[in-house]
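Below, each chain spelled out in residue letters.
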Amino acid sequence: MNIGEKTIGGARPSGAASAGSGESVIEVTGLRRRYGTAGRRASAGKGFEAVRGIDFSVARGELFALLGTNGAGKTSTVELLEGLAPPTGGQVRVLGHDPFTERHRVRPRIGMMLQEGGFPAELTPAETLRMWAGCTSGARPVDEALSSVGLSRRRDVRVKQLSGGERRRLDLALALLGRPEVLFLDEPTTGLDTEARHETWQLVRELRDAGATIVLTTHYLEEAEELADRLAILHGGRIAQAGHVADVVAAHPSHISFELPAGFHLGDLPPLAELGVIGHETVGRTVRLRTDELQRTATGVLIWARDQGLELTGLDVRTASLEEAFLHIAKGLENA
Amino acid sequence: MSANTVAARAEERAPAGTGAGARLIALGRAELTLLVRNKTALFMTLVMPLTMAFAMKQAVSGMDLAGTGLSVGTVLLPATLGYVLLFAVYSNLTGAYAARREELVLKRLRTGELRDPEILAGTALPSVTMGLAQCALLVMLGGIVLDTGLPDAPHLLIAGVLIGMVMVVGLAAASSALAKSAESAQLVVLPITFLSLAGSGMVLPLDMLPDRFATVLGLLPLSPVMQLIRDGWIGGADAGETLKRLVIGLVWVGIAVFAVKRWFRWEPRR
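Residue numbers (numbering that gives the first Met the number 0), protein chains in the order written: chain W, 0 to 335; chain B, 0 to 269.
Since the hints were made in silico from the structure, they are not lab data.
There could be a bad hint or two in this list.
Dumping the calculated DSSO-like pairs for lysine-lysine here, alpha-carbon to alpha-carbon at most 27 Å [unchecked claim]:
hint, chain 1, residue 1, chain 2, residue 2
1, W, Lys159, B, Lys243
2, B, Lys106, B, Lys56
3, B, Lys243, B, Lys260
4, B, Lys260, B, Lys179
5, B, Lys179, B, Lys38
6, B, Lys179, B, Lys106
7, W, Lys159, B, Lys38
8, B, Lys179, W, Lys159
9, B, Lys243, B, Lys106
Example chain W residues on the side facing chain B (calculated, C-beta under 10 Å, incomplete) [stated by the list, open to error]:
hint, residue
10, Glu81
11, Pro85
12, Leu94
13, Asp97
14, Met112
15, Gly117
16, Glu126
17, Thr127
18, Arg129
19, Trp131
20, Ala132
21, Gly137
22, Asp170
Sample of chain W residues lacking proximity to chain B, with all beta carbon distances greater than 10 Å (derived) [said to hold, decoys possible]:
hint, residue
23, Glu26
24, Leu83
25, His103
26, Pro107
27, Glu115
28, Phe118
29, Thr135
30, Ala241
31, Asp291
32, Gln294
33, Leu309
34, Thr312
35, Val316
Note that the structure is a prediction, hence the values are computed from the model and not measured.
Backbone N, C-alpha and C fix where the C-beta goes; we use that ideal spot for every residue, glycine too.
Chain W on its own, in the form it takes in the complex (with noise of 0.2 Å):
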């Protein structure tokens, strides 16, 4: 699977040299969404509100993962973006229009991917796409389509006999088949095996580094750190937390964790502070120290174990990732 800039080029015209520039093409303000109300615009305190106000931006060129546990908002969410159901509150503007009211400026500039496909089954991949293509402003050749997302040699095998992996890549063809200025992935690759997966993610990082704008869901928090530039931790309908991969993860500590050999204590340890540690937990005879200081804290109680002559088991050094930033923010939120 090899999309080249002249494959999916034509993603944005100014190309790649302007990812991450200012320039906002997705602006969501106190968006909300409840269902189970009759009115579109009810606001009475019934039915179930998924999306609860949340602002975010996505600069053009830019890949923004919107990342949460099932349930947490994220499809909601992003079939508002899609202007698939308008908002019972706050705005969206997508390329700088409704994507709801004003679909026919938008829907020809966007591609879109929904978690589950939708293709008749007794359909083959090329008549799936040349039917979409007729649909769709500028569309590229199907061929070329097809080939891009690895799938020429299935050209003429019936949908019902792809497997789940093929059907991910030809639903990923049609979202790109208008060479799409924003591009939104709805959980590309719940489902895939590894290898599927990995090919699916080589396949986005091709589309970002081509200079499309790209929204992806996810609760693989792998993916999201593996392909996003900028992310935002949803949980319960609201935006837990947003910002940089790397500041996110930043901002929470590393942990090292070890079980105590029977006859030692906690307070046997040297003094926790002096070893750069902020908290810990004990569960059973399991400690589990957090640190802003990863090598501070293990040099020193590696230093300790050494001296009381302790084979340390179930050693665990770990650098802060966005797997702990994102626990710690669920557990938070929960005890809060």
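Fit chain B to the given chain W structure using the hints.
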């Protein structure tokens, strides 16, 4: 990226937005492929109306048509066009809408540039086209085989067929809201199918029934359609009657459109 390629791409993109006609044809073509690959649907479309007509021929031949101004041909041929509307278009399309919804095709189509009415129309395009072609063919063949001759009032026949087409497409979309799958769609279509067969003059012309009974049955959706089609040959009705039929037919078209707007579902119920 050189200036040339930018210009070329700008040109390529220049037709900002595809035309509705192009979109309909693209979707209709895919639907035609699906129709051809679906043996049940193909049977319903091509074989069912004629089979019904053959089955009915014997019964109609035994009817006492004296004094009604009707002949075997002018009973049977309009009825066959009615079977086309019911089986080739209504039943077929109800199943197609239900299947596309369950396959999440409708949901996916809505993410593109197609507008909602275009999705419904494009899906209906092959059934409607084949239905119209069958009607034209039947009118010509029937004229020879059933000795009906060419219609005296073709405008009434055409009005009846066109109103009937739009109506059954609307009824199919509305009915499909009640179906969970293409299979259950075959049950969902039964009430309208039976009601139309029995009460809209597709077996017994309404002219042969007692007046009060005929008046009530005349209000069924396909009754005015069948009457207009039959009037095409026997030229019977006066202007007032014709107007009444047109109005009843169009009211049903309106009801069907309203039902689609109000109840049509684009995604499976989860």
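Here's how the hints hold up against the structure:
1. A C-alpha spacing of about 49 Å is found between Lys159(W) and Lys243(B), which places the hinted pair above 27 Å, so the restraint is violated.
2. With a C-alpha separation of about 44 Å, the suggested pairing of Lys106(B) with Lys56(B) is violated against the 27 Å cut-off.
3. In summary, the hint linking Lys243(B) to Lys260(B) is supported, as the alpha carbons are separated by about 26 Å, within the 27 Å threshold.
4. Simply put, Lys260(B) and Lys179(B) have alpha-carbon atoms about 18 Å apart, close enough for the 27 Å limit, and the pair holds.
5. For the suggested pair Lys179(B) and Lys38(B), the alpha carbons sit about 20 Å apart, so the restraint of at most 27 Å is met.
6. The hinted pair formed by Lys179(B) and Lys106(B) meets the criterion: a straight-line CA distance of about 15 Å does not exceed 27 Å.
7. Straight-line distance between C-alpha atoms of Lys159(W) and Lys38(B) comes to about 17 Å, which keeps the hinted pair within the 27 Å bound.
8. Note on Lys179(B) and Lys159(W): the hinted pairing holds, with a Cα-Cα distance of about 20 Å set against a maximum of 27 Å.
9. For a cut-off of 27 Å, the pair hint linking Lys243(B) to Lys106(B) is broken: about 39 Å separates their Cα positions.
10. For Glu81(W), the suggested interface contact is upheld, since its CB lies about 7 Å from the closest CB of chain B, less than 10 Å.
11. With its C-beta approaching chain B no nearer than about 14 Å, Pro85(W) sits outside the 10 Å limit, and its interface hint is violated.
12. This hint is violated: Leu94(W) has a C-beta 13 Å from the nearest C-beta of chain B, more than the 10 Å allowed.
13. Look at Asp97(W): its Cβ only gets to about 16 Å from chain B, farther than 10 Å, so that hint breaks.
14. Restraint check, Met112(W) versus chain B: the minimum CB separation of about 9 Å is within 10 Å; hint holds.
15. Satisfaction of the interface hint for Gly117(W) is found here, the shortest Cβ-Cβ separation to chain B being roughly 3 Å, below the 10 Å cut-off.
16. Below 10 Å, beta-carbon pairs count as interface contacts, and Glu126(W) has one with chain B at about 6 Å; its hint therefore holds.
17. This hint holds: Thr127(W) has a C-beta 7 Å from the nearest C-beta of chain B, less than the 10 Å allowed.
18. At about 7 Å, the closest approach between the beta carbon of Arg129(W) and any beta carbon in chain B falls short of 10 Å, and the interface hint on this residue holds.
19. The restraint placing Trp131(W) at the interface with chain B holds, with a minimum CB-CB distance near 7 Å, inside the 10 Å limit.
20. Checking Ala132(W) against chain B: minimum C-beta separation of about 7 Å stays under 10 Å; hint holds.
21. Checking Gly137(W) against chain B: minimum C-beta separation of about 4 Å stays under 10 Å; hint holds.
22. For Asp170(W), the interface hint holds, since its Cβ comes within 10 Å of a Cβ in chain B; the closest pair sits about 8 Å apart.
23. Taking the minimum C-beta to C-beta distance to chain B, about 21 Å, the non-interface status of Glu26(W) holds against the 10 Å cut.
24. Non-interface call for Leu83(W) relative to chain B: violated, since the shortest CB-CB distance, roughly 7 Å, does not exceed 10 Å.
25. Distance check for His103(W) against chain B: the nearest CB is about 7 Å away, which does not clear 10 Å, and the non-interface claim fails.
26. The beta carbon of Pro107(W) is not kept farther than 10 Å from every beta carbon of chain B, the shortest such distance being approximately 5 Å.
27. The claim that Glu115(W) lies off the interface is violated: its Cβ sits roughly 6 Å from the closest Cβ of chain B, which falls inside the 10 Å cut-off.
28. At roughly 7 Å, the least C-beta separation between Phe118(W) and chain B is not larger than 10 Å, which violates its mark as non-interface.
29. Listed as a non-interface residue, Thr135(W) fails to keep its Cβ farther than 10 Å from every Cβ of chain B; the least gap is roughly 6 Å.
30. The non-interface label for Ala241(W) is consistent with chain B: the shortest C-beta to C-beta separation is roughly 26 Å, beyond 10 Å.
31. Once the 10 Å rule is applied to beta carbons, Asp291(W) is consistent with being away from chain B; the minimum gap is 45 Å.
32. Non-interface status of Gln294(W) relative to chain B is upheld: no Cβ of that chain comes within 10 Å, the nearest being about 46 Å off.
33. For Leu309(W), the shortest C-beta to C-beta distance to chain B comes to about 55 Å, beyond the 10 Å cut-off, and the non-interface label holds.
34. Every CB of chain B is more than 10 Å from the CB of Thr312(W) (nearest about 47 Å), matching its label as outside the interface.
35. The claim that Val316(W) lies off the interface holds: its Cβ sits roughly 44 Å from the closest Cβ of chain B, which is beyond the 10 Å cut-off.
When the structure is compared with the earlier hints, violations turn up for hints 1, 2, 9, 11, 12, 13, 24, 25, 26, 27, 28, 29 and for no others.
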